[in-house]
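> Start from the sequences, fold in the hints, and give me the full structure.
Sequence order for the protein chains is X and W. First residue of the first sequence: 1, per the numbering used here; consecutive thereafter. First residue of the second sequence: 1001, per the numbering used here; consecutive thereafter.
Calculated directly from the structure, the hints in this document are not laboratory data. Just so it is clear, the structure is predicted and the values come from calculations on it, not from any experiment. Even glycine gets a Cβ: it sits at the ideal position worked out from N, Cα and C. Treat each hint with caution, since some may be false.
To be verified - Taking CB as the label site, the calculated pair distances span:
1) W/Val1091 / X/Ala88: 42 to 52 Å
2) W/Trp1104 / X/Phe2: 30 to 40 Å
3) W/Val1091 / X/Glu45: 52 to 62 Å
4) W/Tyr1213 / X/Phe40: 50 to 60 Å
5) X/Thr224 / W/Pro1151: 24 to 34 Å
6) W/Ile1054 / X/Thr224: 19 to 29 Å
7) W/Pro1151 / X/Arg159: 29 to 39 Å
8) X/Glu191 / W/Gly1134: 21 to 31 Å
9) X/Ala84 / W/Ile1054: 36 to 46 Å
Below, each chain spelled out in residue letters.
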Amino acid sequence: MFAHIVWLVLRKDFTIEVRSLEIAYTTIFFSISCVLVFAFALVQEGRAPEGGAAGILWIAIAFAGTLALGRTFERERQAETLRALLLAPAARPAVYVGKLLGIIILLTAAEAVLVPLVALLFQAPLFAHPFWLVLILLTGTIGFAAVGTLFAAMLVRARSRDVLLPVLLYPITVPVIIAGVRATATLLEPEVDTGVLQVWFALLVCFDVVFLTLALWTFEPLMTD
Amino acid sequence: MPKSFMPLAVVCGLMFAVSPILIADAPYESTMGLVQKIFYVHLPSAWMFLLGAIVCGIASVRFLFRGDPRQDRLAWAAAELVVLFGVLTLVTGPLWARKAWGVWWQWDVRLTASLMGWMVAVAYLLLRKYGGPGSDKLAAGLALFGMANVPFIYISVNYWRTIHPTTSVVPTLPTSFGVPLWFSAATFLLLFLLLLRMRVRLEEQRARVDALYLSMDA
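In structure tokens form, the structure reads like this:
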């Protein structure tokens, strides 16, 4: 039952998105321009600053994620469909998970463009350890999106929601971003220290578990009037 | 206001007058000398900072699941104290670090986590002020995530190798250092409780005025 509702919410969002591809196109284009701004600012005489690639990749993901989160729920607000969604006889956590999966898929699509772009512009060997890179990106994205989906859903009804989303989201998700950046930076070193990598990866998994548990626990009371 | 408020406020004032004398009488620490004295302000304010975050988090959870507005007022009051004592911690810390470590700031785990905890509290206040109707629940959700940060700040020094002293320092302090520290901590705790009570009362009065306005309209 739970999985079925998750699937229905995900399919609904996917069907709406496929019709216009508005959020996907704008998010991906925004993340590309974000990386380009960093490239203009930091790459001098064809040389990228050392160790900058990991940070730039994650900043672009965080910025694009914030934009996507805001847009996804703005759509629900404009059509007054969030209320309908919450009125449906479905478990609230399932609605949350459906929304979360949608955001994660969207961000994964953005990352599929971002990673090659950052690798190209900042001469970073991001593809040297594809398995680890995918693991780190996935766990980092889940942690970021878990908090983001909850906050974006809560903020739908608030005033000045556009500016409040990043204000609330960044202090909470900074640990995830730090762990993601450190893990990616470790991957980019010529000699990868697997021990260090495992510590950061374990930390990312910890944050995912804590954030997901808290979000599933509080989604119901937070979304009740 | 409870009757004991004013006497306790006077006691708190007296304790704040006495604690500098105790701190001045404490012996110099062998390696850091005079600059170590800031420890008697830094540590108690850091404790109050964490205490505020815990009070805010627990009150928020209770508000979220039971809907009791008194818990909401308590959470708001505690969040303001988190910002206040957080500023004290984050100002005294670098002043000490400049002398002890040679740098103002170090991006180590405890410092970063404390700064983030403080920023969550500021975000909480921004949300309460500009979020409009319904922001009370939202803020409660935020406070819950902020509280998840507290144990992380506390244990971080023990698990990561950092230059910040670990939590084992306090129980092993000799009496000559311990007495001024605990006195200072008690003073800060009293100040914390008094400010919390005062701030909750302000919100209570505000809620009462709102209720009166509503009853006039009806």
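> State for each hint whether it applies.
Status of the hints after comparison with the structure:
no. : hint                             : in the structure
1   : W/Val1091 / X/Ala88: 42 to 52 Å  : 51 Å, holds
2   : W/Trp1104 / X/Phe2: 30 to 40 Å   : 50 Å, violated
3   : W/Val1091 / X/Glu45: 52 to 62 Å  : 41 Å, violated
4   : W/Tyr1213 / X/Phe40: 50 to 60 Å  : 55 Å, holds
5   : X/Thr224 / W/Pro1151: 24 to 34 Å : 28 Å, holds
6   : W/Ile1054 / X/Thr224: 19 to 29 Å : 25 Å, holds
7   : W/Pro1151 / X/Arg159: 29 to 39 Å : 33 Å, holds
8   : X/Glu191 / W/Gly1134: 21 to 31 Å : 52 Å, violated
9   : X/Ala84 / W/Ile1054: 36 to 46 Å  : 38 Å, holds
Going through the hint list in order, the structure does not satisfy hints 2, 3, 8.
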